[in-house]
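Chemist: The lines below spell out each chain.
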Amino acid sequence: NAGVTQTPKFRVLKTGQSMTLLCAQDMNHEYMYWYRQDPGMGLRLIHYSVGEGTTAKGEVPDGYNVSRLKKQNFLLGLESAAPSQTSVYFCATEAGTPYNEQFFGPGTRLTVL
Amino acid sequence: GQSLEQPSEVTAVEGAIVQINCTYQTSGFYGLSWYQQHDGGAPTFLSYNALDGLEETGRFSSFLSRSDSYGYLLLQELQMKDSASYFCAVPPSGSARQLTFGSGTQLTVLP
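One line per chain: the protein sequences are L and U, in this order. For the first sequence, counting from 1, position 48 maps to 577 in the numbering used here; every step adds exactly one. For the second sequence, counting from 1, position 7 maps to 1154 in the numbering used here; every step adds exactly one.
Treat the hints with care, since some could be wrong.
[As the list claims (entries may be wrong)] Below, computed lysine to any residue pairings styled on SDA-like, alpha-carbon distance capped at 25 Å:
no., chain 1, residue 1, chain 2, residue 2
1, L, K586, U, T1204
2, U, K1228, L, K586
3, L, K586, U, E1152
4, U, K1228, U, Q1149
[Unchecked claim] Chain U is nowhere near these chain L residues, computed Cβ spacing over 12 Å in every case:
no., residue
5, R573
6, S596
7, Q601
Note that these hints are calculated values from the structure, not bench results. None of these values were measured; they are calculated from a predicted model. Ideal Cβ placement from N, Cα and C applies to all residues, glycine included.
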């Protein structure tokens, strides 16, 4: 079992370019999340999904869009990248247990020039 | 809204005991979680407290006092591999599923 995987691992974009980050899970979890982590800071929730076909805004959704067409995949899109979106992006999944255990992917390190 | 406060850095020596505190402000409290993150790695789940008291898992223990909106992570018999960032997290107001993370405590274990 691969758990939670993220594609790509690294990416450099120019301002104004677009890209899509892919999160895939084989854990059959209902809940999926996209976070960003900036140096010396905690994780901030961008968007999340409570099941296939659903998405919702988190704490910092501006400049991002998401889709959850299949239960196992959660896509994060940047339509017009800005230097402020330079960050490490983590995807996480959760089974909906009482103790809120989230399983994280390895992260995508994105630099916007 | 919700907020969490934890120290930014803690240093201890191998074999020692260290306590990382976390105070939180949120309405509709569900539970306090702790995650560990090594440099360049992904966060991994350590513990969850929904009720007051101490939960022990091996060398790590986590404590919660709901009346004080306070919890801590206790690491015993410190090892070099425990050097990492530790984050406390709580669900935001009105939600049991999402998590709001603190800014993290960087633990450095010295030989």
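Chemist: List in ascending order the numbers of the hints, as given earlier, that are violated by the structure.
Modeler: Violated: hints 1, 2, 4, 5.
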